[in-house]
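Chemist: Spelled out, the chains give:
Number of protein chains: 2
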Amino acid sequence: MAQKPSIPKGTRDFSPIEVAKRHYIIDTIKEQFQLFGFHPIETPSFENSDTLMGKYGEEGDRLIFKILNSGDYLKKVDDALYDSKDSTKMTSKISEKALRYDLTVPFARYVVQHQNEIDFPFKRYQIQPVWRADRPQKGRFREFFQCDADVVGSKSLWQEVDFIQLYDSVFSKLKLDGVTIKMNNRKILSGIAEVIGASDKLIDFTVALDKLDKIGEEGVKKEMLSKGISEDAITKVQPLFNFEGNTTEKINKLKDLLNSSEEGMQGVKELEFIVKAIQTIPLQCATLDLDVTLARGLNYYTGAIFEVAAPENVKMGSIGGGGRYDDLTGIFGLKNVSGVGVSFGLDRIYLVLEELDLFPETVAPVTKALFINFGEAEALYSLKAINKLRKEGILAELYPDATKMKKQMNYANKKGAKYVILAGDSELKNETFTVKNMESGTQNEMNFDELKALL
Amino acid sequence: MAQKPSIPKGTRDFSPIEVAKRHYIIDTIKEQFQLFGFHPIETPSFENSDTLMGKYGEEGDRLIFKILNSGDYLKKVDDALYDSKDSTKMTSKISEKALRYDLTVPFARYVVQHQNEIDFPFKRYQIQPVWRADRPQKGRFREFFQCDADVVGSKSLWQEVDFIQLYDSVFSKLKLDGVTIKMNNRKILSGIAEVIGASDKLIDFTVALDKLDKIGEEGVKKEMLSKGISEDAITKVQPLFNFEGNTTEKINKLKDLLNSSEEGMQGVKELEFIVKAIQTIPLQCATLDLDVTLARGLNYYTGAIFEVAAPENVKMGSIGGGGRYDDLTGIFGLKNVSGVGVSFGLDRIYLVLEELDLFPETVAPVTKALFINFGEAEALYSLKAINKLRKEGILAELYPDATKMKKQMNYANKKGAKYVILAGDSELKNETFTVKNMESGTQNEMNFDELKALL
Chain F
1 MAQKPSIPKG TRDFSPIEVA KRHYIIDTIK EQFQLFGFHP IETPSFENSD
51 TLMGKYGEEG DRLIFKILNS GDYLKKVDDA LYDSKDSTKM TSKISEKALR
101 YDLTVPFARY VVQHQNEIDF PFKRYQIQPV WRADRPQKGR FREFFQCDAD
151 VVGSKSLWQE VDFIQLYDSV FSKLKLDGVT IKMNNRKILS GIAEVIGASD
201 KLIDFTVALD KLDKIGEEGV KKEMLSKGIS EDAITKVQPL FNFEGNTTEK
251 INKLKDLLNS SEEGMQGVKE LEFIVKAIQT IPLQCATLDL DVTLARGLNY
301 YTGAIFEVAA PENVKMGSIG GGGRYDDLTG IFGLKNVSGV GVSFGLDRIY
351 LVLEELDLFP ETVAPVTKAL FINFGEAEAL YSLKAINKLR KEGILAELYP
401 DATKMKKQMN YANKKGAKYV ILAGDSELKN ETFTVKNMES GTQNEMNFDE
451 LKALL
Chain Z
1 MAQKPSIPKG TRDFSPIEVA KRHYIIDTIK EQFQLFGFHP IETPSFENSD
51 TLMGKYGEEG DRLIFKILNS GDYLKKVDDA LYDSKDSTKM TSKISEKALR
101 YDLTVPFARY VVQHQNEIDF PFKRYQIQPV WRADRPQKGR FREFFQCDAD
151 VVGSKSLWQE VDFIQLYDSV FSKLKLDGVT IKMNNRKILS GIAEVIGASD
201 KLIDFTVALD KLDKIGEEGV KKEMLSKGIS EDAITKVQPL FNFEGNTTEK
251 INKLKDLLNS SEEGMQGVKE LEFIVKAIQT IPLQCATLDL DVTLARGLNY
301 YTGAIFEVAA PENVKMGSIG GGGRYDDLTG IFGLKNVSGV GVSFGLDRIY
351 LVLEELDLFP ETVAPVTKAL FINFGEAEAL YSLKAINKLR KEGILAELYP
401 DATKMKKQMN YANKKGAKYV ILAGDSELKN ETFTVKNMES GTQNEMNFDE
451 LKALL
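Residue numbers (UniProt numbering), protein chains in the order written: chain F, 1 to 455; chain Z, 1 to 455.
I should point out that these hints are in silico values taken from the structure, not numbers from a laboratory.
Since the model is a prediction, treat every value here as computed from it, not as a measurement.
Keep in mind that the hints are not guaranteed to be accurate.
Unchecked claim - Here are the computed distance ranges between Cβ atoms for each label pair:
id, chain 1, residue 1, chain 2, residue 2, range
1, F, GLU244, Z, LYS9, 52 to 62 Å
2, Z, LYS9, F, ASP134, 21 to 31 Å
3, F, LEU225, Z, LYS9, 51 to 61 Å
4, F, THR88, Z, GLY60, 43 to 53 Å
5, F, GLY178, Z, GLY330, 22 to 32 Å
6, Z, GLU272, F, GLU445, 31 to 41 Å
As the list claims (entries may be wrong) - In silico DSS-like links for lysine-lysine, alpha-carbon gap of 30 Å or less:
id, chain 1, residue 1, chain 2, residue 2
7, F, LYS388, Z, LYS175
8, F, LYS404, Z, LYS269
9, F, LYS93, F, LYS9
10, Z, LYS404, Z, LYS414
11, F, LYS173, Z, LYS30
12, F, LYS30, Z, LYS269
13, Z, LYS173, Z, LYS21
14, F, LYS55, Z, LYS93
15, F, LYS9, Z, LYS76
16, F, LYS85, Z, LYS30
17, Z, LYS75, F, LYS76
Cβ coordinates follow ideal geometry from the N, Cα and C atoms, glycine included.
Extracted from the complex, chain F is given alone in its bound form (with noise of 0.2 Å):
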């Protein structure tokens, strides 16, 4: 017998009740963001390996998968680079496609290429699957769907507003209460670096703060000093390690942190409109809080950064994130596009909606009535009704074999079948069904129309 088979690491089949799960989440993303406006784009599994490569970094280029090339690939390989037998050189020549590494790059690809059919602003949203040659961990695949909504070609921030908007939507939808949407912005980091003199160390110095959380106050400074930024500064800073208070009290000691700096107050500024749009048209389910420690994305984004939050008293790393960038499609040379956008962790949202118990019942249909199998025509019979059930969108199904009538309960019962229905000699005479509700257990015999009206 041949081995049992298997699929490589990190990635994962997906069983019925998984997929219908997964499709909720998706399904409800996808109706939000229609809308809201945002129009779906699709893009190719594979991309030119010149368009993806570059675009994330050194570690991005090692984790892309790279597609080999088809036919006698090595032939086209000089000797000289082939006798070095160098993998990273090799890469290049054996391999000219790749797969997408994220939906952020193929979509600055897609607008610029068709730049000219493009009404702007475009909003576009893109629900595909990426893939990263990644380490595979608890919760981190090789393979992995992405939800993201991005608008590009207006600096409006009414659109930052519509993200924060769009994100609460979602999250009344799927049930999910008491998400935080986490805010910060670029031009405040900027700024408190300018502050206190270490512009040169902005990075440093969001990387340390961002850590907050996770080595306390004493750890962050320490951090802080070995990395050359100065007692003095730090102290500048104080109001940062406990930034407490409402949105309102926030911007406020921002604005006295800030006030020397001209763009650490346009960010406050930025900041500011926003609360106080969100202030008047008010969430259902999530709170908009402001973050100063929030960094990620620092290299790309330019204004606005957003991080969610799970509900706390769940486990869970941020479930979506996004901000404004403001030159997307420079690196295929289309400057000053200013885009902003939100992205939805689809695999992070089914695990907390699977930890509180959040899927509907009905994530799944459910067969209403199985009918079974006697024979040729009582099969026959059945499968004229069935015919006619499912014309009314009602889920039918015959037993496909007259085996045991234990064996078709049994299946009946496995699918979770609400009804099984019975015909045989009797019923074909009386032209009726033998209707049993699985639940009750109850059976009545009833005419089509009868049958028709129960399901």
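Chain F is fixed; fit chain Z onto it per the hints.
Modeler: Frame of chain F, contents of chain Z only:
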């Protein structure tokens, strides 16, 4: 300026309207799959190479996209092999994973791997992309979706009946009248070869017969002769060259032709069972026809063979196909699992619907109300209304920037917005909205409740 980016040949970007149309088809198929009691599974985009290699013949092996191993993949290649510079031998050393080539082999792998979690008969559907390194040409892509439904674990012919009904239901929902579901049976082909004493030439015989459409009776006869099939044998199958009539007449002809072949008569019996059932439960929009020249997947199918032809007025190859196979999972060591399945050709169905103009006008969600942006206070006032409208499921949007009216109206036009809503100074004062019907051009001032009712 960077070079304008592009995508690999044989792949496609899908614009919003294309995505909407594709998902209209996919969702219709999915809905019917579910109504017929099929459950979805999803498998990883790439499989271990040994799961795929050797399953599709030599040509298939060549067309499978292989993924390069990560890291210093050349290090593991021993010098002797490396020095041979043999691409084929190298591939198995530097690539362990490959993109799936179809959904059938991954499904077989899934069934074997998860056999203990599955209740048989297992009715699964799967709608995912597959990849083939085929030479791209009109209508043939390197990445495309397959939409498959299969039942494994039962030999019941009721399933063949159900699949014909399923085809009919899907095409009815798509309003695609006039498709023909062509059916044959592997046993009939074997039987014909048997009665003419050419059982050893079954493949040659069917390959020639399959060309009847293209090269005509004389061409087929010539090819058969050239393959060593005798004049005498060809005379015996003369009825196949003018195989006209309704399904009942055709079955009678086959009974005459095949009465000396046990296997052939078994095939006729199976066809007859299916035909009679479909006569009792008539199809809505499709026609079932027998086509003894149909020989698709002959290496594979063991019973019924299906192929769906587009309506006669459309020039298009088959838009679906399938059949019965007796040993799907044998390749992975699980014997005696009979299955039957069908597939829908998404790309071709798309082209047919496009040609016949059958996509509904509402295939893509359209902005119902675009609110003009007159500045901060007005935008906030509008956004409050938008927020309430969205809660009612109404697609409403704010133009993000307070730019020239003309630009905003232009955008509304391009987005196909039904109504443009103007809320300036006086509307804010009156707590009203001026609503412009973009079709009729009429304008009306109304309060929020009236607006909501209108939309």
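Chemist: Compare the structure with each hint and give your call.
Modeler: Here is how each hint holds up against the structure:
1. F:GLU244 <-> Z:LYS9: 52 to 62 Å: 57 Å, holds
2. Z:LYS9 <-> F:ASP134: 21 to 31 Å: 29 Å, holds
3. F:LEU225 <-> Z:LYS9: 51 to 61 Å: 55 Å, holds
4. F:THR88 <-> Z:GLY60: 43 to 53 Å: 31 Å, violated
5. F:GLY178 <-> Z:GLY330: 22 to 32 Å: 52 Å, violated
6. Z:GLU272 <-> F:GLU445: 31 to 41 Å: 33 Å, holds
7. F:LYS388 <-> Z:LYS175: This hinted pair holds, its Cα atoms lying about 18 Å apart.
8. F:LYS404 <-> Z:LYS269: 25 Å, holds
9. F:LYS93 <-> F:LYS9: 27 Å, holds
10. Z:LYS404 <-> Z:LYS414: Holds. LYS404 of chain Z to LYS414 of chain Z sits at ~16 Å (cutoff 30 Å).
11. F:LYS173 <-> Z:LYS30: 23 Å, holds
12. F:LYS30 <-> Z:LYS269: 48 Å, violated
13. Z:LYS173 <-> Z:LYS21: 14 Å, holds
14. F:LYS55 <-> Z:LYS93: Given pair LYS55 of chain F, LYS93 of chain Z holds - Cα atoms ~29 Å apart, limit 30 Å.
15. F:LYS9 <-> Z:LYS76: Holds: LYS9 of chain F and LYS76 of chain Z sit about 19 Å apart, inside 30 Å.
16. F:LYS85 <-> Z:LYS30: 49 Å, violated
17. Z:LYS75 <-> F:LYS76: 20 Å, holds
In this structure, the hints that do not hold are numbers 4, 5, 12 and 16, in rising order.
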